[in-house]
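Chains as they are written, first to last, in the working numbering: chain A, 4 to 424; chain B, 2 to 425; chain C, 27 to 544.
A couple of the hints might just be wrong.
[To be verified] Just the calculated beta-carbon pair ranges, DEER-fashion:
#, chain 1, residue 1, chain 2, residue 2, range
1, C, 165, B, 25, 57 to 67 Å
2, B, 413, C, 279, 25 to 35 Å
3, B, 108, A, 233, 30 to 40 Å
4, C, 370, A, 275, 22 to 32 Å
5, B, 235, A, 225, 22 to 32 Å
6, C, 152, B, 277, 25 to 35 Å
7, A, 233, B, 119, 24 to 34 Å
Quick caveat, the hints were computed from the structure, so don't treat them as lab data.
Beta carbons: idealized from backbone N, C-alpha and C, even for Gly.
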Amino acid sequence: MSEKPDQKPGRNRAAAARDVIQSVIAPQSSIWSSVLVVVLAFVTALVVSAVFIVVSDPNVIQAPDLLTALNVAWQDVSGAYGGLLTGALGDPSTVIAKLSSGDAKVAASAFYPLSETVVAAAPLVFTGLAVALGFRAGLFNIGGEGQVIAGGLAAGFVGFSVHGLTGFVELPLALLAGFLVGMLWGFIPGLLKARTGAHEVITTIMLNYVAIYLTYYFLNTTLFQRPGRTDPISKVVDSAAMLPSLAALNLRVHAGALLAVAVAVAVYFLLWRTTLGFEFRAVGANPDASRAAGIGVGRVIVVAMSLSGGLAGLAGANIILGVQYSVTPGFSSGLGFDGITVALLGRGNPVGVVAAALLFGGLRAGAVQMQAATSTPVDIVQVIEALVIMFVAAPALIRAIFRLRAVRGIGAPTVSPGWGG
Amino acid sequence: MSTAVRALGAGARVAVDRRRTLGIFFLLVAGAIAAFFGYNVPGQSQAHFVLNLASSHAIPIPDLVVPVRATAFGLAAACAFLGTIQVVRGFGRWAYAVLALVIGLFVFAFLAWAARNSSVSLVGMLQGTLVRAAPLTLGAFSGLLCERAGVINVAIEGQMLIGAFSAALVGSATGNALLGILAGMLCGGLIAVILAVFAIRYLVDQVIVGIVLDLFCLGLTGFLYDRLMVPFQATLNSAAVVPPVTIPGLSRIPVLGPILFDQNVYVYLMFVLMGLIYVALFHTRWGLRVRAVGEHPRAADTAGIDVARTRYINVILGGLVAGLAGSYFTLGAVGQFTKNMTSGRGFISLAAMISGGWTPVGGFGASLVFGFADALQNFLSVLNVPISSYFLLMAPYLATILVVAGVVGRARPPAADGKPYVKQ
Amino acid sequence: MLRQPVKLELRGITKSFPGVLANDHIDLVVEPGEVHVLLGENGAGKTTLMNILYGLYHPDEGEILVNGAPVKFQSPSDAIRMGIGMVHQHFMLIPVFTVAENVMLGSELTRPFGLLDRGRARREVQRLGQEFGLPVDPDALVSSLSVGAQQRVEIVKALYRQAGVLILDEPTAVLTPQETEELLRVMESLKHAGRSLVFITHKLKEAMRVADRITVLRGGRVVGSTVPAKSTEAQLAAMMVGRAIRLGVERPPAKPGAVVLEVEGLTVRDARGQVAVDDVSFQVRAGEIVTVAGVQGNGQTELIRAIMGLDPVAAGHITAAGRDVTTSSPRETLASGVGHVPEDRVRDGLVSDLSVAENLVLDTYYLPPFARGLVLEPDEIRRNADERIREFDIRTPSASVQAGTLSGGNQQRVVVAREFSRPISLLIASQPTRGLDVGSIEYIHERIVKLRDQGDAVLIVSSDLDEVLALGDRISVMYRGRMEGPFDSGSATREEIGLMMAGAGSEGAAAPPDAGRP
């Protein structure tokens, strides 16, 4: 029997970090307590965001008395959050009415909010998986934006350049192009890290900006630009390259959602059932011991970053081939960063990522409705997301606020820190 | 075989390889200069480097006129000469200084070529470089204050953004720039408090907290911009820009005057802070303790230093400086806030801090490189350079990647950087 | 300047950590001017107790009295103020700072505005060094100092704060026999200067030599308190472990066979480009154990890392199990039939966050039966884990808990189990029993000898001279990157080996004591 705390100084850090990461991997953590913390974190985030909504409304500040102020404040918040809810899931009375209308198209439109949620969630699954895969291997892939753009540009290019092939060939081809070019965008920072130690947080973020400007560049060339237009918009993707959707029912949900679930299963299998996944997890947890045991750490870093980039590239392909059917600047709309929040909320686990993606997809879909109905700016959703993550990451804080019993808690995965210099 | 000769072996081979590669790089640069900037240029093309600034108080001096072709070949020859020496003998410790020189010569040749048959304001570009480097350096100082104490601050981008926003808001509403700057600093500090609490008390991974705070600030500033600044543009988003400060006498020196002594306030702030931080960090008791906490918190603890308190203070100081840096973008430059106006500069600051070896002067030097890339893009768009403006816009970001990839591994972060400290 | 003498008393000190009761109602009295030895094996609770005394931990129960008055230490600064100084087992020095900076950290000498007064600090360090026979160079960077010199800095640090009581935690673990002598002499002079010393150790000989009183800890409790005059080493050992122990492992004579490991003219450079291994050549045969003695930092780490392919080789050749592995990758070397028990088990031996079962296949997961192509076979991995846990008596709640939750001894058993259950013809082990309890030490020594008797070649690096002598059929010594030997274990005395460890070698006089230069 030995004294754990008396070993080398680094041990304290290891012990503390282990506590935090315990629930990510330990089989015994209580699912219910984790769910409870997430729910409470969500509620707290909504409350804090409500404060921002209320405080920034001049009508509240300038109200003649407290009662009117509270009234206006309540309307602000309930309107905003109500809009979020109906935009994400649908308004119950409207839904029932539509379902019992007897007309197929009208009944289908009852599912419009849900369809929008799924449409928004699908690319988030891809970017969430991309970031989660990176985390497992000890890498911070903040380059989701750039990889999404790269993948979307490539998928779109194949989509509008290749003609005459059937959907069975052209669609997978376009998706593959998106995957491969996204992979390239992840490969570069991976290689730099493995060869020079350059920290991927910085290199991936820089490549994000490079990708943004590349989009503008390409969309101004004749190769990409739609004939007859002077604004930066690409040619339209061939119908054979489009992801099949329920457009006939006026719903935007498309096969990309199914692909997302399939890919999530594949990532799960990769991480827990293959030698490659074993290497990712070993290197992510302890690169030194992995190296001493013969695992090629540099190779793992490059492969992990590349795969991660490929997954994010699929998100871009998803958007171009399933929703937009052409490329415009800014189509990535924060997907890369939202992928980070999705991965964190999903605790680096493919199942969790799908669940978190649905949640944030719902928020995104709802935000559009919220802005339309109450003119509350959509950016508040980003605030809510960030707050949720912060509260989830510090369960002790939530426990303190709600006076919960101290349970073996959950936390954001503690990935190897430092700049690797 | 003697020990000395045998001991040369592979280790020395690696060193020779590196030396030769660097030398070959110099030779390639020479070739590039000759090929791109000298070869196709008509003999009588001249580039005018304007050394005066219309708005400055400096004594005017004539333009520097260089024949483009001759200059290009001359500089190419110089680089080839340096390259040959490097391949054969190597410059030893001065190799990196020579590398900087070669890159400088390349840039000068490029400028001469870009400005052929027209003129470019060299002084303007250098002055712009310093101005653009100011927020980056201040951001690097912020990162450095935190990391020297062992806490990674990736939230600089968010702190800058919220600093920019609140500086514009308060500066506009009160009409007082100083209040605006203070507001910017305060908001940066508040975000830093959140970072400190999550990192130090709740032991959450510091990079993750930083990124999440960046997203939070992005969302919050965007939201408040739409809610408050768009409808009330005139009162809440029209701040007066802080006027430049002219130092009497010194500002009359040609070339140096406009660059150093007739400048944006933030440039002076940068120099003042640079001196302060250098002295404080390396020559005072406070600095010794901070660095001890960042290198070996357990040792500092056993010496009786309060590790958590030190880290809290430093992170908050870092937030104040980042907020100051952010206020540059509004009160120091354009007077108005726009969504996401920092555009990754917080991350470039981090790269500058790393490349600068976690020192104030180093951070300044690295920021100059990035600032120059930034200024270049601005000035070249005026000239007729056959490079798409979008590639020029990418320049600072590509430069960052190159510098980080080339320098990291040679620079050493504080030993306990990013590692939470737990007492029992 | 002599402080008033300090009498320390600990009453009923109790401290527990999750899963382990480290200190169980401990009473201890340290009289002024006495050398009090705290004896116990690794894991007995000695360091925890001293950390409480120094204010680093807070006791769950019990109290501390200084000169009869109860005190509460919230942090080390309280303890320092009461005149308690500590020289830690793992030095609390900042490598990139100078000696003077390290010494004055926390009690800095300053000029106005908080500016450091480096000149005064330098003079003060020199004065202390001279007064107590601890020569140190105030302007040297700690990272450039030898281990012995670093320890002197630690002591000067405590004296600078006018410690009346000095706690020394396993100070001789990292010293050569000659440096140990030096230290014991310094302790005598400190005692004569009126300081009290608490000397934590698990080495019986040293305890008997310097102690005025000896208190033995076992399993977190005081099991006895005595004076050297009234006790023998065997008695003390029995108290430490709770049973009669063999003071050595039984080792039938070796029957060496063919050469399995051949190292020729090996030169390795460290991270800074300096030569760490200098033209080293030796062989290890099947059926014999070659031990490499030497103080840590003389190139042993670099030697092993180069053999295993973790660091590049500057010159020379390495042949293992018939293959030239000079430029092989770690995986190739391991797959050739070389087992490796790394020096730092937490950093290089195990992945703490992976399960015990996964750690047991850390270097074989990609081979059948654990994998078919790219797909893992979890059932096989699980079966392997159950077998190994049984065979090597690894104490763990299950095979799927994280390896980091195991105690040090059990973690090392996992590493050993992993390496020993592969088909290997050569075992390389670095510091295989460092920090382990006696039971685990015995077990691992037994297994190593058994492996040798099965015909494997074994190379062991250890800075524990007892282990070197106990296990080595042939012994070599490393000093400053050069290797003396290997020579037969009977042919050199302990003292001669000690001299070699200090650089004297067979060529001549002992090297002068290190004055702070590397």
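Here's how the hints hold up against the structure:
Separated by about 41 Å at the C-beta atoms, residue 165 of chain C and residue 25 of chain B break the suggested range of 57 to 67 Å. Here the CB-CB span from residue 413 of chain B to residue 279 of chain C is close to 50 Å, at odds with the stated 25 to 35 Å. Checking the proposed 30 to 40 Å range against residue 108 of chain B and residue 233 of chain A shows it holds: the Cβ atoms sit about 34 Å from each other. Taking the beta carbon of each, residue 370 of chain C and residue 275 of chain A are about 28 Å apart, inside 22 to 32 Å as hinted.
Distance hint check: the CB atoms of residue 235 of chain B and residue 225 of chain A are about 43 Å apart, inconsistent with the given range 22 to 32 Å. Taking the beta carbon of each, residue 152 of chain C and residue 277 of chain B are about 32 Å apart, inside 25 to 35 Å as hinted. Taking 24 to 34 Å as the suggested C-beta distance range, the pair residue 233 of chain A and residue 119 of chain B conforms, at roughly 28 Å.
In summary, the structure is inconsistent with hints 1, 2, 5 from the numbered list given earlier, while agreeing with the others.
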